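Q: For the protein sequence lines, the chains are A and B, in the order given.
One point on numbering: in this note's numbering, the residue at position 12 of the first sequence is 12, and numbering is uninterrupted.
For any residue, its number in this note's numbering is found by taking its place in the second sequence, counting from 1, and adding 1000.
It is worth saying that the hints were derived from the structure and are not from the lab.
It is possible that some hints are incorrect.
When the alpha-carbon atoms are kept at most 20 angstroms apart in a straight line, the in silico DMTMM-like pairs for lysine to aspartate or glutamate are as follows [as the list claims (entries may be wrong)]: (1) Lys-13(A) x Glu-75(A); (2) Lys-1054(B) x Asp-1081(B); (3) Lys-1055(B) x Asp-1081(B); (4) Lys-1053(B) x Asp-103(A); (5) Lys-1055(B) x Glu-104(A); (6) Lys-57(A) x Glu-75(A); (7) Lys-1068(B) x Asp-1081(B); (8) Lys-13(A) x Glu-82(A); (9) Lys-1054(B) x Glu-104(A); (10) Lys-57(A) x Glu-1003(B); (11) Lys-1053(B) x Glu-104(A); (12) Lys-1055(B) x Asp-103(A); (13) Lys-1068(B) x Glu-1003(B); (14) Lys-1054(B) x Asp-103(A); (15) Lys-1053(B) x Glu-1067(B); (16) Lys-1068(B) x Glu-1005(B); (17) Lys-1055(B) x Glu-1003(B).
This one's a predicted model, so the numbers in the text were calculated from it and none came from an experiment.
So the chains spell out like this:
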Amino acid sequence: KAGVTQTPRYLIKTRGQQVTLSCSPISGHRSVSWYQQTPGQGLQFLFEYFSETQRNKGNFPGRFSGRQFSNSRSEMNVSTLELGDSALYLCASSLGLAGLSFDEQFFGPGTRLTVL
Amino acid sequence: KNEVEQSPQNLTAQEGEFITINCSYSVGISALHWLQQHPGGGIVSLFMLSSGKKKHGRLIATINIQEKHSSLHITASHPRDSAVYICAVRGTGTASKLTFGTGTRLQVTL
Chain A
1 KAGVTQTPRY LIKTRGQQVT LSCSPISGHR SVSWYQQTPG QGLQFLFEYF SETQRNKGNF
61 PGRFSGRQFS NSRSEMNVST LELGDSALYL CASSLGLAGL SFDEQFFGPG TRLTVL
Chain B
1001 KNEVEQSPQN LTAQEGEFIT INCSYSVGIS ALHWLQQHPG GGIVSLFMLS SGKKKHGRLI
1061 ATINIQEKHS SLHITASHPR DSAVYICAVR GTGTASKLTF GTGTRLQVTL
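Sequences and hints are given; from them, build the entire structure.
A: Put into C-alpha cells, the structure is as follows:
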C-alpha cells in the first residue's frame, strides 16, 4: 500500500505570492491533517479535514486555508506569502477523524517551502 | 510555560546504552504520541498511548496519567536510532488537536 505523498517536495516563492500544496492520503484514509514545522516554533497544527469538511483548525491567520476532495486528497493554500511562512509543511492521514478515533496517523515526507 | 515539555533537548549516547527521553504535559489529554523524525524531515509514528505501557522491539513507551508524564526508552541503542524524538499530546473533546513538544535530538555513536 502506497504511503502518504506530498507534492511538490520543494518550492521557492517570493513574498506576496501564493502557493498551493497537495497531499494524497493512504488509500482508504478519510482524515488529512496539516502541520507546519519551523526551527523557531517547532511543529504546529494547521487544520484537519474529514469527509471534505474542515473539522479542526489551529491558530493560524486566514491566509492559510485548505480543502479536501471527494477522493480524500487535500490541498492547502497560503496567500500573500511572508518570509515567516518558510517552513516544512507536513500532512498526515488516518482512517478516522483524528480527534475522535485512536487510529494511527501516517505522515508524508513534507513540502519544504522557502519564501524569499 | 509550554503545554508539552521534553527533556533532555539533546542527548548523546554510545552504542548499546539504555536511553530515556521524558515528556511532561500540563493539560488533560485523550492520547499521547511519540514520533521519530530523521534528517530530511520524514516523521514516523512510534507509539500512541492513553494509559500504561507499550513495547515495540527495542522501544518502550510508558505513561502516567495522574502525574501527566510519559517516557520513551530505547534499549541497546544503535546509531540508526539517531533522530529527533517528539512527544505530542491530543487534547480532549471532538475538536482536539495535537500539541507538540520541541523534540529531543538523539545522537548515538559507535
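Q: For each hint, tell me whether it holds in the structure or not.
A: Outcome of the hint check:
no., hint, in the structure
1, Lys-13(A) x Glu-75(A), "17 angstroms, holds"
2, Lys-1054(B) x Asp-1081(B), "18 angstroms, holds"
3, Lys-1055(B) x Asp-1081(B), "16 angstroms, holds"
4, Lys-1053(B) x Asp-103(A), "17 angstroms, holds"
5, Lys-1055(B) x Glu-104(A), "16 angstroms, holds"
6, Lys-57(A) x Glu-75(A), "15 angstroms, holds"
7, Lys-1068(B) x Asp-1081(B), "26 angstroms, violated"
8, Lys-13(A) x Glu-82(A), "10 angstroms, holds"
9, Lys-1054(B) x Glu-104(A), "14 angstroms, holds"
10, Lys-57(A) x Glu-1003(B), "18 angstroms, holds"
11, Lys-1053(B) x Glu-104(A), "17 angstroms, holds"
12, Lys-1055(B) x Asp-103(A), "17 angstroms, holds"
13, Lys-1068(B) x Glu-1003(B), "11 angstroms, holds"
14, Lys-1054(B) x Asp-103(A), "15 angstroms, holds"
15, Lys-1053(B) x Glu-1067(B), "15 angstroms, holds"
16, Lys-1068(B) x Glu-1005(B), "11 angstroms, holds"
17, Lys-1055(B) x Glu-1003(B), "26 angstroms, violated"
The structure is inconsistent with the numbered hints 7 and 17, although it conforms to all the rest.
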